[in-house]
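*Asks:* Single-letter residue listing:
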Amino acid sequence: MYANPNSIINPSLWPNGPAPGCFFNFPGTSVTSTSSKSGIITRTQSPVTTGTSILGLVFDGGVMLAGDMLGSYGSMAKFRSIERIIKVNNSTVLGATGDIADFQHLKAIIEQKVIDEDCADDGFTLKPKALHTWLTRVLYNRRSKFDPLWNTFLVAGIEDGEPYLGCVDKIGTAFSDSKIATGYGAHIALPLMREGLEKKPQMTKEEARALLINCLRVLFYRDCRALNKHQIATITKEGVTIENNIELDTNWEVANFVIGYE
Amino acid sequence: MARRYDTRTTIFSPEGRLYQVEYAMEAIGHAGTCLGILASDGIVLAAERRNTNKLLDEVFFSEKIYQLNADMVCSVAGITSDANVLTNELRLISQRYLLQYGESIPCEQLVSWLCDVKQAYTQYGGKRPFGVSLLYAGWDHQYGFQLYQSDPSGNYGGWKATCIGNNSAAAVSMLKQEYKEGETKIDDALALAIRVMSKTMDATKLTPDKLELATLTRHDNKTYIKVLPVAQVKTLIADHEKKEAAEAAKSKPSTAS
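Residue numbers (the working numbering), protein chains in the order written: chain A, 539 to 800; chain B, 8 to 264.
Please note that the accuracy of each hint is not assured.
[To be verified] Examples of chain B residues toward chain A, derived with CB under 7 Å:
{"id": "1", "residue": "G109"}
{"id": "2", "residue": "E110"}
{"id": "3", "residue": "P113"}
{"id": "4", "residue": "G132"}
{"id": "5", "residue": "Q149"}
Honestly, the hints are just simulated from the structure, not real lab data. Note that the structure is a prediction, hence the values are computed from the model and not measured. Note that CB positions come from ideal geometry on N, CA and C, so glycine has one too.
Kindly produce the complete structure, drawing on both the sequences and the hints.
*Replies:* Shown next, in the form of structure tokens:
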């Protein structure tokens, strides 16, 4: 009813303008909003379609990633040709454990990044460590908003001529190592990989492949959410090769000795 | 006449000009000179310091030369307060990239980003353009040493040697004559910078307090950005004056007859 006395005493000196030292918000550009709504909205906290372990191993001259091609819908082995390891560019490969929808969301964003890089045509391409750092920032920021991307990622590639293997989880914990495994692989396969690397720190490509295949076999025996159909990705200075649909021969004769198994 | 079309940045004049952008460049033409020279082993930036008042409390190490990130340095010509906003933003852009990707932003990407912002101020918002031109000197692993220049219109270009600010046209034509591509090392570039600055600066005599010099070089896989100390600038000026005197003596044969 009455005019607000404050607006007369302190008329806005700078209506709709940028704060001094800051930039004007142009229409159509993305604005990082600093105004927060009251409270934090918690979103879905459980994954739906999931992928199990991914294994990563550094050998002499490159890195190798391995994982099965299953998307589990809870306990149902629903999608049996999911590629959980993807090539990003000629020096980088990404593997994902966890929610497949979240992985596919990030996959689309990363693919768009590669296209944008192509368009810029300035000779710069995404390197494995840069992708790892970027992923870490994305995952950590999502977790800080209580809306995580429910995945653990393995980034593998050649960085400045040297093999690189890095891991980030859904809460943004990041590290890099010469041997990493996610999911059940961390408990079952990683000890086998450590043993192999201790015996021979600079493995050849063939030795690394044999070790990973053995780990995949053990995981198929022991992980109830695993499938006997795998992908193996090899990254060397020459480039990236991803083999799909690798099936391993397994021996289930021991099942006869299990009491109650008929 | 054209007065009706020059009060707002966002409109063209009937002759197809953006007056505000041109007036901004005019403002820069009155500012202290800045010059950049690309050498095969580094880059030299030279700047004319205008605030030489003895009462000034030396808060800043450098008046016109700013380090942007580990691998880039810039010098500014124009309205100082506008320049501060832009250099601050350049530093923020660099750090955001470093945080996201764990590596230094490529030089051209940084320049391009800021120029997009500068261009936006000539097309949207009804705000005036920034009255600053910048010279960027940087290194990245793809293209090595690079020198860029940007102006209020948001346009930028890569240069082997260039100049902005007062008397820049004269300086650029001098550089065109004297710059030797492929044969210039950092010391040659420094000497050339002093030679050009002495001709284009208002002062009758070059003194270290009126001139800022910075170099960007690489050793052992690391970039080194150095604003030269007063003593070194003094030495370089002295060398230049000696050379000048020698040349004058050569060209002027003995008049004693």
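*Asks:* Hint by hint, note whether the structure agrees.
*Replies:* Evaluation of the provided hints:
At its closest, the beta carbon of B:G109 sits 3 Å from a beta carbon of chain A; the interface hint therefore holds under the 7 Å criterion. Because the beta carbon of B:E110 sits about 6 Å from the nearest beta carbon in chain A, less than 7 Å, this interface hint is met. Satisfaction of the interface hint for B:P113 is found here, the shortest Cβ-Cβ separation to chain A being roughly 5 Å, below the 7 Å cut-off. The restraint placing B:G132 at the interface with chain A holds, with a minimum CB-CB distance near 5 Å, inside the 7 Å limit.
A cut of 7 Å between beta carbons decides the hint on B:Q149: the least distance to chain A is about 5 Å, and the hint holds.
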